[in-house]
Amino acid sequence: MFKRLIACAFALLSFNLIAATHVHDEMGEFSIDQTPKRIIVLEFSFVDALASLGVSPVGVADDGDATRVIPAISDKIEAWTSVGSRSTPNLEIIASLKPDMIIADMERHATIYEDLKKIAPTLILKSRGESYKDNLSAVAKIGTVLDQEEKMQQLIAGHNERMDAFAKRINSDKTFLFAVSSTRGLYMHSPKAYAGGVMERLGLSSAIAEETEKAYISSTLERLVKANPDYLLVGEYGDETVVDDFKKNPLWNLISSVKNNTYVETNPKLWSLNRGMIAAEIMAKELQSIVK
Amino acid sequence: MKAQPITVFACLIFLLLSFSVWHIGAGAVYIAPAEIISALQSVNSEHHFIINNFRLPRLLISGLVGAALAISGLLIQGVIRNPLASPDVLGVTSGASLAVIILAVFWPHAPISYIPAAALIGGFSATALLLFLARHLLQRPAAFALVGIALAATFGAAIDYLLVVNPLEINTAMLWLTGSVWGRNWQHLPLIAPWLAVLLPIAMLLAYRLDLLALGDDTASSLGTNVKKLRLLSILVAISLASAAVSVCGSIGFVGLISPHLVRSLLGQRHLLLIPATAITGAILVISADLFARILMPPIELPAGILTAFIGAPYFIFLLCRYKNW
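Heads up: the sequence lines are chains A and B, in that order. Quick note: to get my numbering, add 148 to the position in the first sequence (first position is 1). Reminder that position 172 of the second sequence reads as 157 in my numbering, one-by-one numbering, no gaps.
Careful, some of the hints might be misleading.
What the simulated footprint calls covered on chain A by chain B, stretch by stretch (three residues with Cβ under 8 Å from a Cβ of chain B suffice, anywhere in the stretch; the number is not a length) [to be verified]: (1) 226 to 235; (2) 241 to 249; (3) 254 to 262.
Examples of chain B residues toward chain A, derived with CB under 10 Å [what the hints assert, rightly or not]: (4) P96; (5) I97; (6) I100; (7) V150; (8) M159; (9) P283; (10) I285; (11) P288; (12) I291.
No lab work stands behind these hints: they were computed from the structure. Even glycine gets a Cβ: it sits at the ideal position worked out from N, Cα and C.
Make the full structure from the sequences, and use the hints.
Quick look at the structure:
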């Protein structure tokens, strides 16, 4: 009780004295005076973080297609205004929505950081090419900035418990691989990529564990055969992609997961676009049902 | 029959102004022409922020980049005496692109502001290399251009290699190189404006001698022109302009190729008239390209570089078909 009183008093004091929240972001120190209400996010992983807290962003860079956010996440929040593509978000629309905070991705938006800052305080975090751990630390920062640090920590703790439980239930010593396939090629996701990180978190070994440098690895069929995963999950962007050509090749049948009928076609929006705790748990669930 | 120069200039300036007003008014947020003036004057106006921070700098940068590329193309076509010559052909653009990609791959944490500098250094290095390799070919423009093409192809191959090996790291660099005016603001204006301010007058000074060069190398030298020096100077001016343009916006193709042709078909061969008219035409092309890049499918922004060809090519083909004897 005494502890809580002190914590309360401290919280009040700090609120009155500093009246600003500070976090360390990718550009240095980020500080904001009040709790942001109108938030614009420029990557999908931030939508997941906000949705976990039940906060609806006013604008999302959703590439002009709201369905790119998986329903499990979009159902938790209200409709938003599209602010264009993630690679070139529309600054005019961002400004016209009058946000009081913008959350941007270091990889994609460093070039427009100064422009964004003129519109509203801009928190710039890792998103594109982030690992599972990067994502959790970004999520914690978003919680702090929204003055919901404690709630976010609870959510992360709950997430960790559920992931531990999934790990226990899945408990497999096979090798796993997730890859994205489009008309431009097939990209394997290494343990450095988000999907690879989720697999690692679940105690699963990657079929390309030796790839520690790059997150996404452009791959031919032969490279895939060499990786030889026991479980292969492929997310296709489009109906007819590179993996369909692979299937016509006799080499395809040499892959363990094809032989054992553990090749699975899955939703790339879930496995690659919507990085975050909500998505990770759905991915864990899918993995569990695939393994059983 | 060529049109009266005064009519041509009046039309070009009218077009430039109309597209500028349209550029400022149209976009994801519509601003009526009447409001533009008041928004420019008053800081409190609702649209002041959008016009002042996004549209006005983009308009100016598009215009200046277009003008620089167009003059560059005019000079290169003038001295190489080949209608297919343009800054892209001589490897300037690909040299600049290669430098930006090298920066992104080998020094991923370099500040964003280094990108234009890298592009500029890349463009000039490519030029230096070209001038060194082709130093004995300056009197044979076609051979000179071919060395440029070969260099451009080599740089292109190096770019493709780096892109394939490092798909993720070059993201920011790629955006810069697609030839887009997206995300450009007042900070980028000093990267292009001083170049034009210095090099445009130099180009005008060269205009008379370029007219002589059009008569053939022999005639030009017998009339007292140092052909080799003129060629070198013109190429340097042209390539500096192109490098500056690429350093701000990445490669916006086609402007340097077609603007001089469009203007030649209207005004004939006098460079004193051609240079300003080509500059205005290039500005119109890039401004309209950036305009359509923003308004075709909002809120998605397209790279202006894609649209210059879409806008310019049909008109170019129309002209080529009409002026059969040219």
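Hints, verified against the model:
1. With 5 residues carrying a beta carbon less than 8 Å from a beta carbon of chain B, the segment 226 to 235 of chain A meets the three-residue requirement, and the given coverage holds.
2. Judged by the Cβ-Cβ criterion of 8 Å, the segment 241 to 249 of chain A is covered by chain B as claimed, because 3 of its residues qualify and three suffice.
3. Figure legend: the segment 254 to 262 of chain A, annotated as covered by chain B; annotation consistent (7 residues with Cβ-Cβ distances under 8 Å, at least 3 required).
4. Hint status for P96 of chain B: holds, given a least beta-carbon distance of 9 Å to chain A, under 10 Å.
5. At about 5 Å, the closest approach between the beta carbon of I97 of chain B and any beta carbon in chain A falls short of 10 Å, and the interface hint on this residue holds.
6. Using the Cβ-Cβ criterion of 10 Å, the hint placing I100 of chain B at the interface with chain A is satisfied: the shortest such distance is roughly 8 Å.
7. Taking 10 Å as the C-beta cut-off, the interface hint given for V150 of chain B holds, the closest approach to chain A being about 9 Å.
8. With 10 Å as the threshold, the beta carbon of M159 of chain B comes within range of chain A, its nearest partner Cβ sitting at about 9 Å, so the hint holds.
9. With 10 Å as the threshold, the beta carbon of P283 of chain B comes within range of chain A, its nearest partner Cβ sitting at about 7 Å, so the hint holds.
10. A cut of 10 Å between beta carbons decides the hint on I285 of chain B: the least distance to chain A is about 5 Å, and the hint holds.
11. The criterion of a C-beta within 10 Å of any C-beta in chain A is met by P288 of chain B, whose closest approach is roughly 8 Å, and the hint holds.
12. Against a cut-off of 10 Å between C-beta atoms, the interface hint on I291 of chain B is violated, since the closest Cβ of chain A lies about 12 Å away.
Hint check: a violation occurs at hint 12 only; the rest are consistent with the structure.
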